[in-house]
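Colleague: Based on the hints, put chains B and W with the ligands in the right spot on chain A.
Those protein sequences? They're chains A, B and W, same order as listed.
Using my numbering, you'd call the opening residue of the first sequence number 1 and step up by one each time.
Using my numbering, you'd call the opening residue of the second sequence number 1 and step up by one each time.
Using my numbering, you'd call the opening residue of the third sequence number 1 and step up by one each time.
Since the hints were derived computationally from the structure, they do not count as laboratory data.
It is possible that some hints are incorrect.
[Claimed, not checked] Short, incomplete list of chain A residues facing chain B, as computed with Cβ under 7 Å: (1) 42; (2) 51; (3) 175.
Note that the Cβ used here is the ideal one computed from N, Cα and C, for glycine as well.
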Amino acid sequence: EVKVALDGPPNLATSGTYNWIQGFSKVMSENGMDVREMPRGSIGNEDEIFDQLSTGLLEMSQSDVRAVARIDPYIYGLRLPYLFDDAAHMDRMLEAGDFFERVNENLAQQDVVLLAIVPIGPASGFITTEAAIRTPEDIAKLRMRALDDAQLAMYEAWGSSGVIVSWSEIMTALQTGVVDGYMNSPFVPMSFGQTDVVRNFSDAKVIIPMRAVLASRLWYDSLSDDERAVVTEAVKAGDKANRIWLDEASGSALEQLEELGVTVQRLTTEELTAFREGVRSVYETGVVSAEDVASWTSLADEMR
Amino acid sequence: MWLIPIAFVVFLICGTAFAYLMGAVSVITFITLDKAQFLSIMPQRIFSQLDVFAFMAMPLFILTAEIMTRAGVMRCLVDFALSVVGRFKGGLGHVNILTSVFFAGVSGSAVADSASLSRSFVPEMVNRGYDKYYAGAITAASSMIGPIIPPSIIMIIYGGLTSTSVAALFVAGIVPGLLLAGVLLALNVFMAYRYDHPGGKASEIPPFFPSLLRALPALCLPAVILGSLVFGLATPTEGSAIAVLVAILAGLTYRGLSWSMLIDAIEATARMTGTIFIILAAISILGYLAGQMGWSEALAHWVEAFHLTGFRFLVFLMVIFLIAGMFMDTTVAVTLMVPLFAVQAINQGVDPVHLGILICLNLCIGLITPPLGKCLVLVAALTSLNYWRLAWVAMPFILVQIALLFVLARFPELTLALPRALGF
Amino acid sequence: MRKAVIFVSDTLHAVIRRLSVAAIVVMFCTVMLQVIARYVFSSPPVWTEDVARYMMVWTGLLGATLSFKTKTDAVLLASVFPDRPNVLGYMADALHTLAVLVFIVPILWYCFFDLRGQFGRGFLGRQSTLVADTLGISLLWIVAVVPIAMLVILIHLCAHWARDGLRSAELEPGK
Ligand code: NA
Ligand code: NA
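Bound-form chain A, shown alone (with noise of 0.2 Å):
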């Protein structure tokens, strides 16, 4: 039996690493192995989750970035904002590069290995209870909930301001007006429940939102060479089924928050430029060393 951690409620319309774990599953239990789905918090938080794989108590999670970031900070090279021009331009430079090797060299200390990344929905852009945000200037007069330090730097670099805000106080600092808003996928305010606070959303598509699945280093060593074959096609089956739901879900993401009443701004080539343009001085914050970033850069024009 393969214990996997999910990130968050099992629907296949809005979750990605749902859609991933599903098939994922198919293959493995097409080829005897059960997957079972711990739902949510049943066995802990990340922290405590990642403590699990490192023990091999857990098989596999899908994890926060961060939980790999804290051992080796080059996987936030992934969310250094427009590297990428989309999720296909992601996984070529996923594919070519060295990425997978390098990260699990250092993992190997946790006794955890990084089996895929997955985006968890089309690419974040600006929710906010008043504004419609369409230039870096519109951003600059808001005060924005920052979910760490990167992010932080990215809207100081917008010339904006940013508070570190815990997600559960989120909706209380929305009303209450403590913040404006935040930066996430389209599909995280539909979740949640939020649409009735927040008004607009702008579709700057700074990052791709995603999560890391992890597994046990203890299990996956134990697995003779065909099971691990069997691993290695169903992450395959996963990352295809994630990938399907992302093009369909961008396609339809921005209606369905119309639908609901909230303002969507597309914004043009140029527009995107001003806000790419704009951030580019977070590259040199030191979040990632100045060495890993000229590697992410160069690997990404490469590819594009």
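Modeller: Relative to the frame of chain A, chains B and W with the ligands by itself:
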């Protein structure tokens, strides 16, 4: 398998503290189910389940009340309440209730309220010709306004366990807290005419404005906390730090808060936080066990078999929590029962804020219901009354509070209108 | 030996009383700093929330040793057995001790050892290679409170029995 219930009962009757009882039984369960390897998660589990944003307000609100109590805030609140309602028939009963309302804005727990009022105020009521059991009963009954009107330790724990906004819970507690006070005042009026309770002599009533002035720092506190939450100026945690600051300033104006008093208050806070945290730690191990074994899903199926929905489901939950409250301490009950039942209720479409207020009131009623009513025990011990007779005299109060609980369950708007109007 | 255990337990209690006071003071100050920084400097430092939260955990777990030592933990049911020196009282106390050990010892063990009994690969070993998000220090320094609190509770437990033996030895001279 038999080892688990046997260990539970044996440890229970030996008077083992709840945290160690639950912790030990969970460990034994892991071992008997042949899942001993999962014990290796314990240190990480305990740290992660305590390292929760919402819990941060808890120590600082406890500290606020500790400082205020040491600074003699109770006397000022009693004087002010006397100047407002002391002259009416049954006046001291009203004063008792009103003092609890004022103190509720300072303190997050009912126990502190009943302890300080029963020592100072019950003898005074007896001197003025009240039945001592009635005086004890009204003190215990009104003390539970404390955790309903913000701040509230129970709501902070509930918010942390269910990821519900503590700020929204605090705002939602105001109307039910005032309704509770109103219901108790009405019952006291009835009792005053029925048993001919005395009213205060005009000569003994302190003048209004001087007593208001002295009570003002304490009365300001809820306004400061709620104001900063409602206008989005501060999170509950920041509100709790501001409350500590106000308490220190108030302490300096009341009777000169000394260093040693302050250190003493902080140390008592650490100890009280410790009793709560070790329970949370033990329950987190039990929670992991439940997740591994799929108990929550099993319990959900069991509840589903009753085909209860909406109000009837809430009534079912309220009865379960009332029974739990009769036997358990509030902290114990909330940490044990909320993860088991509240998540399901929220999945069923019950508003988490509404449910939080109902659970809070529900478990507080448990503080004055036998066999284990903590506030009753405390009042009985501090005023040398017979526990069971006190419980009997408190019965009308218990009944009106249960009635109010079901009214609040039936009409969610009573609880939710204010937080919604203020944008939560 | 008994006196040594009691001395260690009492000294630790005194130290932890001061440490927990310090933890609350630091927590209060960082939260206040956060409020002031937001309104005065309009951008709060990112580390205040983490420091305050970790101080809360330290307060809670150090506080747990205080409540254990002072016997103020919440009890579901008071012991139904007569107090010591009645033999049933001793039995109840022994069972209570057993419950504490069953809960605490595995926590302490797995702080240091992993599943295969390897020292240094336990919880602390695994955390020592991780870095706290905004503080940039090893998580080891933050999570160390778990084994510290558990160890202190065990020492208090030993002192509880040591003190008891001492008293009865004093009561019955020559034994
Ligand atoms: Na209160
Ligand atoms: Na009262």
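Colleague: Each hint needs a verdict: does it hold in this structure or not?
Modeller: Results for each hint:
1. 42: Since the shortest Cβ distance to chain B is 4 Å, the answer is holds.
2. 51: Holds - the Cβ of residue 51(A) comes within 7 Å of chain B, reaching about 4 Å at its closest.
3. 175: Where the cut-off is 7 Å and the nearest Cβ of chain B is about 4 Å from residue 175(A), the hint holds.
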